[in-house]
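Asker: In order, the protein sequences belong to chains A and B. Just remember that our numbering sits 700 ahead of the position in the first sequence, which is counted from 1. Just remember that our numbering sits 700 ahead of the position in the second sequence, which is counted from 1.
Hints are computed from structural coordinates only; laboratory data are not their basis. Heads up, a few of these hints could be off.
Copies of the same chain look alike in the list, so a pair counts if it fits in one copy or across any two.
Mimicking DMTMM-like on lysine to aspartate or glutamate, the simulated pairs with C-alpha atoms at most 25 Å apart in a straight line are [to be verified]:
1. LYS749 - ASP768
2. LYS854 - ASP734
3. LYS705 - ASP951
4. LYS926 - ASP719
5. LYS752 - ASP768
6. LYS745 - ASP768
Protein chains: 2
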Amino acid sequence: MSNKKPLSIIKIGGNIIDDATELANFLADFSKIDGNKILVHGGGKSATKMAKSIGLVPQMIEGRRITDQPMLDVVVMIYAGEINKNIVAQLQANNTNAMGFSGADGNLIQSTKRNHPTIDYGFVGDVKKINTPLLQTLISNGIVPVFCAITHDKNGQLLNTNADTIASELAIAASEVFEVTLNYCFEKAGVLTDVEDENSVIQQINSELYAQLKKEGAIHSGMIPKLDNCFNSLSKGVQKIRIGHHKMLKDNNAICTSIEL
Amino acid sequence: MSNKKPLSIIKIGGNIIDDATELANFLADFSKIDGNKILVHGGGKSATKMAKSIGLVPQMIEGRRITDQPMLDVVVMIYAGEINKNIVAQLQANNTNAMGFSGADGNLIQSTKRNHPTIDYGFVGDVKKINTPLLQTLISNGIVPVFCAITHDKNGQLLNTNADTIASELAIAASEVFEVTLNYCFEKAGVLTDVEDENSVIQQINSELYAQLKKEGAIHSGMIPKLDNCFNSLSKGVQKIRIGHHKMLKDNNAICTSIEL
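Looking at chain A on its own, in the form it has when it is part of the complex (with noise of 0.2 Å):
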């Protein structure tokens, strides 16, 4: 047995932040969780709705979203500005003692500007190091931290940085202190054999059905990057992961896809 103490971490992303409602629902049941919890959210569409009202046009190159320096101030006032601050407020008045972070409060997400040989995504950053020791430092003080999808590169730049991998690169890291349980909260139940049967979710995946699986074609292309990346997680430390939809981190029972090593 670990004698490590549990530390749920919370992926959310658009499909929660953009509704109103379901944002205040989720945010409601976030605060009844127990425990150490950490909460991570993407972006949602108010980043693209501002861009476009300022008359920003959103660079691609070979089908892929660059972050030129327009596009990353837009990002970083939404994500961190604008989205971070109104989840505190809201969890705050939820009676949850959180803080908004980006990579760059407390040097806790340092990152490098991704560097590709052929397309210059701009100014994105792929995660480099978490300051674990001021992590375990907040939350032994009672902080829920709550991390939007910035980081920096210790050089004064901010970068644009997934935040499905800023998920999984802290649970990575907690790992070493906590024993880490990390939740991806979409829209569906949980990863589904076919995208339009929401009743054909897979509730339990190792790597060998995940292998398997792929072979037969049965798992959705765009969840074969996420799935890669939860188990790169899982061999590094991290517990347990979890995809569904946020009902199942209040209702035990729910649904929703819980994949293992």
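Please arrange chain B on chain A, whose structure you already have, making use of the hints.
Answerer: Same frame as chain A, but now just chain B:
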């Protein structure tokens, strides 16, 4: 002799924030200040610029700016997002372990929506309570808090709040546990008896001289609420207040206005 540890609180406004070179110089100097410190920053012109670019018309009642919901969204994203996170990232590059906060984060600054008999200021907050124990915990862990001028009411509402007031309320609260020096940095060398003459700095002012200068009309009208606020802070435990150009922070011989009871 007090056995409290010293704490410097520094407030900067738009004149520094709006000028990238000036801001970089200030942040490099700020990083060199020894010991415990807190930075409080105002807004600058970018909130007004953003408001205009998305088509907002400033709401004014009796000459006072009103923070309606769309304007609140703008100040939250600019102050707590763009400005705060860029300052934090630059301080981290200067090896200062900065952490950026609104008042909602960690419930550090709780305020009350202003209730004025004749003017509805909108989402404007007056500071009610500082979470001094948490502030002390953060500082004792080597964190340099960086506050933007946004607070919350603990019921989920973010509120636009005067940065000078945030600085003075933090100074008063922190003076319970620290020996606090509060520094207001602005574009002038100090409080001037002649606004047109930079050489007319009042280098020392106490409550007696202040009463006399007000009587003589030598103190500029806009300076009166600022100085009233200073004397109030001093009467509530703040050790020392200085007003002047930020060069006073690195050069002990720089001319500035020192205020004592």
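Asker: Give a verdict on every hint.
Answerer: Going down the list of hints, with the structure as the test:
1. For the homomeric pair LYS749 and ASP768, the shortest alpha-carbon distances inside one copy (16 Å) and between copies (20 Å) are both at most 25 Å.
2. When the C-alpha separation of LYS854 and ASP734 is checked against a cutoff of 25 Å, the pair qualifies only between copies, where the shortest distance is 21 Å, while the shortest distance within a copy is 34 Å.
3. Proximity of LYS705 to ASP951 under the C-alpha cut-off of 25 Å is restricted to the intra-copy arrangement: shortest distance 22 Å within a copy versus 49 Å between copies.
4. When the C-alpha separation of LYS926 and ASP719 is checked against a cutoff of 25 Å, the pair qualifies only within one copy, where the shortest distance is 23 Å, while the shortest distance between copies is 42 Å.
5. When the C-alpha separation of LYS752 and ASP768 is checked against a cutoff of 25 Å, the pair qualifies both within a copy, at 14 Å, and between copies, at 22 Å.
6. Proximity of LYS745 to ASP768 under the C-alpha cut-off of 25 Å is found in both arrangements, the shortest distances being 18 Å within a copy and 22 Å between copies.
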